[in-house]
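What follows is the residue order along each chain.
Protein chains: 2
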Amino acid sequence: MPAHPDLASPDPASIEALDAADPLRAFRDRFVLPEGVIYLDGNSLGAASSAALAELEAAARQEWSRDLIRSWNSAGWFDMPVQLGDSIGRLVGAADGQTVVGDTTSINIYKALHAALALRPGRNVIVAESGSFPTDLYMAEGVVSTRPGASLKLEGVDAPAIEDLIDQTVAVVLLNHVNYKTGELRDMAALTKRIHAAGALAIWDLCHSAGALPVELDVANADFAVGCTYKYLNGGPGAPAFIYAARRHHENIVQPLSGWWGHARPFAMEHAYAGAPGIRRFQCGTQPILSMRALKGALDIWNAVDMQILRQKSLALTDLFITLVEARCGQYGVTLETPRERERRGSQVSFAHANAYEVMQALIERGVIGDFRAPATLRFGFTPLYTSYRDVWDAVAVLEDILASGVWKEPRFAVRSAVT
Amino acid sequence: MPAHPDLASPDPASIEALDAADPLRAFRDRFVLPEGVIYLDGNSLGAASSAALAELEAAARQEWSRDLIRSWNSAGWFDMPVQLGDSIGRLVGAADGQTVVGDTTSINIYKALHAALALRPGRNVIVAESGSFPTDLYMAEGVVSTRPGASLKLEGVDAPAIEDLIDQTVAVVLLNHVNYKTGELRDMAALTKRIHAAGALAIWDLCHSAGALPVELDVANADFAVGCTYKYLNGGPGAPAFIYAARRHHENIVQPLSGWWGHARPFAMEHAYAGAPGIRRFQCGTQPILSMRALKGALDIWNAVDMQILRQKSLALTDLFITLVEARCGQYGVTLETPRERERRGSQVSFAHANAYEVMQALIERGVIGDFRAPATLRFGFTPLYTSYRDVWDAVAVLEDILASGVWKEPRFAVRSAVT
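So the sequences go chain by chain: A and B.
Counted the way my numbering counts, the first sequence spans residues 21 to 440.
Counted the way my numbering counts, the second sequence spans residues 21 to 440.
Rather than coming from a laboratory, the hints here were simulated on the basis of the structure.
Treat the hints with care, as some may be off.
Computed list of chain A residues with no C-beta within reach of chain B, every gap over 12 Å [stated by the list, open to error]: (1) Ser-34; (2) Asp-42; (3) Ala-115; (4) Pro-180; (5) Ala-217; (6) Ala-266; (7) His-270; (8) Glu-271; (9) Gln-332; (10) Leu-344; (11) Cys-349; (12) Arg-360; (13) Glu-363; (14) Glu-420; (15) Asp-421; (16) Ser-425.
Which residues of chain A face chain B? A partial, calculated answer using Cβ under 10 Å [unchecked claim]: (17) Pro-54; (18) Arg-90; (19) Tyr-158; (20) Val-274; (21) Ala-314.
Built from N, CA and C at the ideal position, the CB exists for glycine as well.
With these hints in hand, go ahead and build the complete structure from the sequences.
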């Protein structure tokens with residue numbers, strides 16, 4: 021990686037030099053990005069790639085339209101959840117056979133929590149973060165509702181730090197690797213070790229770290245992990261999620277979403293459930309093949325990506341963004357919410373602003389797409405495969421202009437839409 | 021509808037006359053059917069339509085690629101599960117606001133069973149059919165595993181008839197409207213009435229009846245229903261499933277797959293779950309939008325379909341098939357498994373044959389695609405929107421030839437593939 025420009029006063033020429041020397045530069049051409057847009061929301065919905073669109077078209081025109089039911093065998097539909105699981109496994113430090121694609125992150129959290137509780141009989145407490153992405157907590161509530169005696173304790177409510185909640189009553193701790201709102205990165209290895217020392221199990225939600233930075237599930241000795249594929253992995257809107265279970269747990273996995281795809285002999289049409297060996301036991305029902313085929317195309321791109329280089333660029337992009345925004349927009353009431361230390365940061369940067377909603381709407385109107393998170397966060401995602409240094413430079417210029425001009429105060433920017 | 025040909029001895033001319041007079045004839049052109057294939061497996065995977073492919077392409081090229089995250093609002097992605105739910109509702113006799121699309125049939129059975137058990141406190145028995153599509157039973161097992169005291173009783177194991185199992189201990193009865201294997205159609209209204217008389221609730225699995233025949237959920241006073249969209253509804257491989265809950269239950273619905281899409285305020289990012297009003301409470305996580313957009317195209321076709329006419333053609337097709345197969349192939353050991361009475365039959369016909377697997381492989385090689393169901397069933401689905409009387413005539417001719425020649429005895433037809 022090139023040395024940083026002088027971040028105290030970067031200029032367009034130094035930004036251009038950074039892009040010219042970017043070892044990931046060629047990947048941008050694999051994505052279909054709209055004209056006139058600086059897209060800093062790949063942490064919410066990743067961009068489409070030519071590969072994903074080509075796979076989708078093949079799935080629709082050849083596999084479905086022409087080959088019809090035969091494609092379950094001839095196009096490998098049936099094994100795709102396991103094969104794509106292995107592809108994702110390679111990106112998150114999981115050896116083959118421990119990751120499977122299917123259902124949603126929410127559903128997979130439910131499976132993992134039940135499996136973890138079954139592995140720790142006599143323990144009834146689930147620990148999670150009050151700052152968690154909410155669905156993790158809602159699913160934990162759902163699990164608690166089905167298990168007499170079980171309870172949920174939250175960091176930020178029941179104790180200030182997660183470590184204070186981890187004791188001998190705890191069966192499982194559910195953690196976000198990177199926080200969806202602040203972008204804070206947890207130390208997976210250290211925290212998993214701390215959890216194991218108390219005899220509990222760790223579930224890691226990788227929604228904001230898979231494809232954003234190197235993840236080492238096996239090395240960290242994680243027990244379970246879940247994540248979505250439509251953010252940094254670019255699998256397409258609502259693409260199926262994934263679940264990881266460490267091999268040492270496979271033999272004893274019990275989870276109640278015991279559908280036929282997780283059966284040892286799904287086509288023997290037996291009355292009684294008998295779980296398939298290995299990670300397949302986390303499968304449940306028939307998966308959305310068209311969405312999964314787009315995901316396959318998106319994942320193929322990652323075969324050529326060095327995750328260490330990805331991380332270096334990610335940090336360079338976020339460093340640059342923080343520096344530029346603080347230097348040029350600090351006077352307009354924006355305050356950094358993301359940890360400044362590199363080792364505590366994912367691939368997004370969040371700034372607080374009292375009128376974050378209106379400011380984000382004004383940015384979007386000018387073609388700079390980030391997102392708003394209630395109550396007052398401007399969130400910007402940096403996706404090293406297709407975000408350039410020039411994007412960062414230009415986005416900050418637009419933000420500065422919006423804040424300096426006060427245009428965001430115009431009433432049209434305050435109109436809320438269904439999804440914010 | 022035209023009168024039947026003389027079924028004792030129909031000839032090609034009378035078959036041609038039937039197709040010429042078919043009021044649904046024009047629908048066939050809306051589907052993309054491969055050359056040289058007679059597709060009698062739309063009850064496993066429905067055919068692609070031009071409308072579904074066009075919607076999918078718009079979703080991929082415009083909504084995802086160009087408009088990116090904005091499409092959650094601008095393309096109506098967020099409300100699609102409820103809007104498509106209403107579209108399906110119109111096909112299964114459900115007034116608006118009672119049906120939502122999402123997840124899989126298996127997952128939706130889990131939600132419905134939990135919701136039903138919560139509505140009948142003090143009752144702990146789930147009744148189902150041993151001949152049910154297996155995943156229904158596996159999911160019921162999963163529910164039982166999370167509810168101390170709950171148990172599962174099966175028609176065909178614990179008593180010969182389902183009616184014998186329905187007593188005051190029963191909370192809910194889970195029934196297949198049309199049996200996946202035999203094609204037998206249950207009397208929804210009568211059975212629901214019998215279940216309600218015992219104080220229990222009825223869940224109807226519509227996988228093999230939605231889009232195959234008129235269904236009247238509201239009229240039958242059904243409590244819950246689930247179904248898939250990739251069979252007769254032609255939504256595409258693994259397209260998202262649906263769930264129906266009668267409006268009278270909405271206020272009291274509790275189900276443990278309580279993800280953020282079922283929250284009253286999903287974007288307020290609250291710690292605690294608060295269920296959305298109405299059918300939205302059955303939503304859980306982010307849905308596969310590409311698959312759902314193809315489904316939208318497929319469902320649009322149904323706006324122009326009269327379900328009574330569909331049923332008449334379905335019965336005429338299956339009558340013809342039964343008559344022809346029995347007349348021409350009866351001597352080769354094929355035996356009707358589907359009820360002969362029209363009012364007890366869905367839109368498929370199953371025949372038993374000792375070597376059903378091999379015979380079906382030989383049929384597929386000749387371009388007649390039905391499917392095999394273990395241990396010895398030849399299953400043929402008739403989809404009135406794109407199956408012609410000529411298809412039936414030609415398929416039987418091929419079956420007769422295969423059985424008469426004994427070609428199915430060649431070893432290559434005995435090789436089993438992953439999905440059978």
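Here's how the hints hold up against the structure:
1. Every CB of chain B lies more than 12 Å from the CB of A/Ser-34, the least distance being 29 Å, so the non-interface label holds.
2. The Cβ of A/Asp-42 lies farther than 12 Å from every Cβ of chain B, with a closest approach of about 22 Å, so its non-interface assignment holds.
3. Chain B leaves A/Ala-115 outside its interface by the beta-carbon criterion, the shortest separation being 23 Å against a cut-off of 12 Å.
4. Distance check on A/Pro-180: its Cβ is at least 15 Å (rounded) from any Cβ of chain B, clearing the 12 Å threshold; non-interface status holds.
5. For A/Ala-217, the condition that its CB be more than 12 Å from all CB atoms of chain B holds, with the nearest at approximately 27 Å.
6. The Cβ of A/Ala-266 sits about 22 Å from the closest Cβ of chain B, beyond the 12 Å cut-off, so the non-interface label holds.
7. Distance to chain B confirms A/His-270 as a non-interface residue, since its nearest Cβ pair spans about 18 Å, more than 12 Å.
8. The claim that A/Glu-271 is not at the interface with chain B holds, since no C-beta of that chain comes within 12 Å of its own (minimum 18 Å).
9. Interface exclusion of A/Gln-332 from chain B stands, the closest Cβ pair being 26 Å apart, more than 12 Å.
10. Under the 12 Å C-beta cut-off, the non-interface status given to A/Leu-344 relative to chain B holds; the minimum distance is some 23 Å.
11. With a least CB separation of 22 Å from chain B, A/Cys-349 remains clear of the 12 Å interface cut-off, as annotated.
12. At roughly 24 Å, the least C-beta separation between A/Arg-360 and chain B is larger than 12 Å, which holds for a residue marked as non-interface.
13. Every beta carbon of chain B lies more than 12 Å from that of A/Glu-363, the smallest distance being close to 26 Å; the non-interface claim holds.
14. Distance check on A/Glu-420: its Cβ is at least 23 Å (rounded) from any Cβ of chain B, clearing the 12 Å threshold; non-interface status holds.
15. Every CB of chain B lies more than 12 Å from the CB of A/Asp-421, the least distance being 21 Å, so the non-interface label holds.
16. Taking the minimum C-beta to C-beta distance to chain B, about 23 Å, the non-interface status of A/Ser-425 holds against the 12 Å cut.
17. Taken as an interface hint, A/Pro-54 checks out: its beta carbon lies about 5 Å from the nearest beta carbon of chain B, inside 10 Å.
18. This hint holds: A/Arg-90 has a C-beta 7 Å from the nearest C-beta of chain B, less than the 10 Å allowed.
19. The interface hint given for A/Tyr-158 is met, as the beta carbon of that residue sits about 4 Å from the closest beta carbon of chain B, less than 10 Å.
20. Restraint check, A/Val-274 versus chain B: the minimum CB separation of about 7 Å is within 10 Å; hint holds.
21. Because the smallest distance between the Cβ of A/Ala-314 and any Cβ of chain B comes to about 6 Å, under 10 Å, the interface hint for this residue holds.
The structure fails none of the hints (numbered hints given earlier).
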